[in-house]
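Undergrad: If you're matching them up, the sequences are chains A and P in order. 1 is the number of the first residue of the first sequence in the numbering used here; add one for each residue after it. 1 is the number of the first residue of the second sequence in the numbering used here; add one for each residue after it.
These are calculated hints, taken from the structure and not from any lab test. Be aware that one or more of the hints could be misleading.
Claimed, not checked - Derived pair list, reagent style EDC-like, types lysine to aspartate or glutamate, alpha-carbon separation capped at 16 angstroms: (1) A:Lys-77 to P:Glu-30; (2) P:Lys-275 to P:Asp-149; (3) P:Lys-608 to P:Glu-628; (4) P:Lys-52 to A:Glu-46; (5) A:Lys-66 to P:Asp-23; (6) P:Lys-89 to P:Asp-79; (7) A:Lys-66 to P:Asp-20; (8) P:Lys-542 to P:Asp-616; (9) P:Lys-608 to P:Glu-638; (10) A:Lys-66 to P:Asp-22; (11) A:Lys-77 to P:Asp-22; (12) A:Lys-77 to P:Asp-20; (13) P:Lys-61 to A:Glu-46; (14) A:Lys-77 to P:Asp-23; (15) P:Lys-724 to P:Glu-178; (16) A:Lys-19 to A:Glu-92; (17) A:Lys-64 to P:Asp-20.
Given the structure is predicted, the values throughout are model-derived calculations rather than measurements.
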Amino acid sequence: MTNPKADLLQGTLDMLILKALSLGPLHGYGIIQRIRRMSDEMMHVEQGALYPALYRIEQRKWVKSKWGRNETGRRAKFYTLTKTGEKQLNEEEASWDRLALVVAKMREAT
Amino acid sequence: MKTLLARIRALIRRDAVLHDIDDELRSHLEMEADANREVGMSDEDADRAARKSFGNLASIKDRAYEVRGGGFMETLLQDLRYGIRLLFKHPGFTLVAVATLAIGIGANTAIFSIVNAVLLRPFPFPQPDQIVMVSEGAGGIVSYPNFADWKDDRNLFASTSAVRSNESYNFTGGGEPERLQGRLVSAGFLSTLKVRALLGRNFVADDDRPGAIPTVLLSHAFWNRRFNADPAIVGRPITLNNQSYTVVGVLPRDFQFDLDADVTIPIGLSADRFKARGADPGIIVVARLLPNATEQQAQVALDVVYARLEQEYPSSNTGRRAYLTPMHEYFVGSARQPLLTLLGSVGLVLLIACANVANLLLVRGSTRKREISVRVALGASRWRIIRELLTGSFLLALIGAALGVLLADWGTAFIARQLPGSIPRLAEANMELRVLLFTLGASVLTGLLFGLAPALHASRLNLTDALKDGDRGSAGSRQHLRSALIVCEVALTLTLLVGAGLLIQSFFRVMQVDPGFRSDSVLTMQVSVNNPDGNQVDSFLKQLQENVRRLPGVKSVAVSNGLPLVTVNHPTYFIEGKPLPKDGAAPVANRYTVSPGYFQTMGIELVKGRIFTPQDTPTTPPVAVIDEVLAQRTFPNEDPIGKRLSQSRDFRSAYEIVGIVRHVEQYNLDNPTIRPPQFYFSFNQISPDRLPGNTRRINLLLRTDVEPTSLTSAVRAEIAALNKDQAVFNVRTMDDIVSESIAPRRFSMMLLTVFALAALLLASIGIYGTMSYAVAQRTREIGLRITLGAPRENVLRMVIGEGMKLALIGVALGLIASFALTRTMKNLLFGVSTTDPLTFLSITLMLAAVALFACWIPARRATKVAPLVALRYE
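Just chain A, same shape as in the assembly:
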């Protein structure tokens, strides 16, 4: 249905979020920080992109959310990866690996 390029763009962000959450439940702010650290400061996700994406994957039941308290005692909403979310992450990582492999092989070929 949707455009493949649009899928790619969204899919990437979705995968980053799922990856971040695969290390344990986290709130929105934490997800942005974790993605930044995991990418060696190379990837910064905007809040304006994060929340719509979070809500979307929540609606797809890849994550579930629950209000709780963070380490400093602030109220925050924590997101947890679900079983389907894990499966989705595995699939996306596999396809990324395939893509990376293809791209790498093509580059070596020249």
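Here the structure of chain A is known, so what remains is to put chain P in place on it, guided by the hints.
TA: Below, chain P alone, put in the same frame as chain A:
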């Protein structure tokens, strides 16, 4: 109910969801500020930096909310609000689209309300499908003595009644004399229809016999008008035709059956008038089937009765049968085909309107492309976008429908006023619930029809291209869709135009039919002379003609019994010296009793012999004038002049044929197969003792050399001078009578023509719009061509050629559709075939010319493109 509750919960949930998002974003902000403080910022700076990094909080919230979404109702309201804002933002678009839809939906609503009133709505009687009409033969009428023989046979019907609708009465003795419409009925009339009198009682068998005390039921309107709705009227006498009738009751307000009647009177009182078994005095019979009996069972039983009647009365009943027709079919059956044709046509107009609005939406879709791309990029689903666009379409359709209902309400009233009597029950058309439901359904369907393709189109976009800028991204496929719409519009329009063209042609062919008389400059009116003294009647008629003839502007005057296209008697006739026809097989003719001036006044040409003169009197030998049809049919190889004609097989009174005149069209102009023989007797030869029986309803005719209706009041004054109690009614010109006789045909023709022209207008707007848009899209290219030296004519030809290519494909498809569809109109046409080449050719040329013009305007604009402006364009 359950879903409704869920919807309401969703509305409440909206606040909860928004609140939740709000909380979450705030907690995020605070954590960000905490982090800033940790690296040593001041509280104030920490907050400000956090906010800054966050961007526009409200817009994030909105976008986040859009993804999480609300319930069905919430989304709907949101889309509606957005839709309304957009409508106000583009008032030009809104105006054109709403007007187009209002006309399309309005026309459909108007026609459907007529179809509903005429064809769908049952007659307002209990169990209407049990009511049937009985007819002997095709004329729909029944011989009264035959009816009297079986009317009380309870093995046949539960209840029956004879009805003679077109009676008239002089009402006197209560202020101004008034001519009343009356109907004669049997005692079982109201019980057959299962209607109760509003006041008083129904007729009983004892009222319905010769010599009974005369009784009458009043219509609600007459009771109101003349008696101020006085309930004490029941039991009081009123004077009709100089005779006293006791009012036994008042009919309900909405009571209606066949023609309207002010007074309803038992037919049995005047049974003597109808005692000839072989005659057809215009009586119709309504009956209610026995409970649980089918029409077929009643028909079988009726066949047995008629077989018996045939044995008993061979002279009148040989070959006579009676047929049942459901009441609804009997009264409105003839209106079905014209109405369904109109409904179909108006549906096509709506389709064209949809195509036009879809075109407009496609153009607007291109301007909203960026906005839609951004939303898709942010994660709005395609379904969500389509849904929002469709909500906008439904909104447009509903606004159009609301205006359309107003238009339709006005339109049906207008049609009913303009064309009275053209379609039965037309005046009852109104915006009742069923019509409004139809309109609602039509508008939802319309919204889907014109909204779906553009919505699918707008939501299917190449994201990166669209975001980058190009409106050119998918312009190609949009142009394809628009082209397809144009082709459809042209094809539909051609079909409608051909249909209208055929009806217009038929109408003019009917107008050209020679009726056998000259209808121009003739004023007619009816007077009913109710005077038992024949000598007084005789002198009244002679004096009246004398006085009217002396009025300035009057060329000739006549009185007649029987008038073309209005009324006539149809007795049997016999010719002396010819073999007598078998019992029951005697030929029937139209009989007119006329004064000597009739032929000149009506402009009926003499073919041979002479017409009546004042010298023909009751004491000279009786003479008759016959028409060409009778002459040819009865005297194919001999001269009819001098032969004798009689209305009875014993030739007790025989009339010598002295002249032959042209045949006149008696029933309608558009049925050339019905050409009954006709003969004329002279009023002057009726002896005074027989005159009163022949003057219940006579026509006074005058040919004028001024505008005929300008003489109306002068003639009325002459009549009043002779007898101040003499009622005059049905004052009409002969032209009016001709025009009324073709009113149903004019009704279909005019409406279909209006629809076809509306379609033509919409289609040309569509072509114009599409071509203008195409030219605007290609301004740069065209400018380039001109800069590079392409002659402007080439550009003109290119643009026109493209538009005309679409138009011609449409024309070709339209021609195919027309060939298929006009066949269903066969019965509505007259003197023109369903594939009339002239109509097809001229319509095709006309449509092509209009299309050419619609292409030419944008094409010319394209040639005026200044190269430099064009290159800078975009």
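Undergrad: Now, for every hint given, state plainly whether the structure supports it.
TA: To see whether the hints hold, each was checked on the structure:
1. A:Lys-77 to P:Glu-30: holds, 13 angstroms
2. P:Lys-275 to P:Asp-149: holds, 12 angstroms
3. P:Lys-608 to P:Glu-628: Satisfied, since the Cα-Cα distance of roughly 10 angstroms is no more than 16 angstroms.
4. P:Lys-52 to A:Glu-46: holds, 12 angstroms
5. A:Lys-66 to P:Asp-23: holds, 13 angstroms
6. P:Lys-89 to P:Asp-79: holds, 15 angstroms
7. A:Lys-66 to P:Asp-20: holds, 11 angstroms
8. P:Lys-542 to P:Asp-616: Within the cut-off at roughly 14 angstroms; holds.
9. P:Lys-608 to P:Glu-638: Satisfied, since the Cα-Cα distance of roughly 13 angstroms is no more than 16 angstroms.
10. A:Lys-66 to P:Asp-22: This hinted pair holds, its Cα atoms lying about 15 angstroms apart.
11. A:Lys-77 to P:Asp-22: Distance ~11 angstroms between Lys-77 of chain A and Asp-22 of chain P Cα, so the pair holds.
12. A:Lys-77 to P:Asp-20: Measuring from Cα to Cα gives roughly 9 angstroms; hence the hint holds.
13. P:Lys-61 to A:Glu-46: With a Cα-Cα distance of about 13 angstroms, the restraint between Lys-61 of chain P and Glu-46 of chain A holds, given a limit of 16 angstroms.
14. A:Lys-77 to P:Asp-23: holds, 9 angstroms
15. P:Lys-724 to P:Glu-178: Between Lys-724 of chain P and Glu-178 of chain P the Cα gap is close to 12 angstroms, so the pair holds against 16 angstroms.
16. A:Lys-19 to A:Glu-92: This hinted pair holds, its Cα atoms lying about 10 angstroms apart.
17. A:Lys-64 to P:Asp-20: Distance ~14 angstroms between Lys-64 of chain A and Asp-20 of chain P Cα, so the pair holds.
Against the hints set out earlier in the document, no violation occurs for any number.
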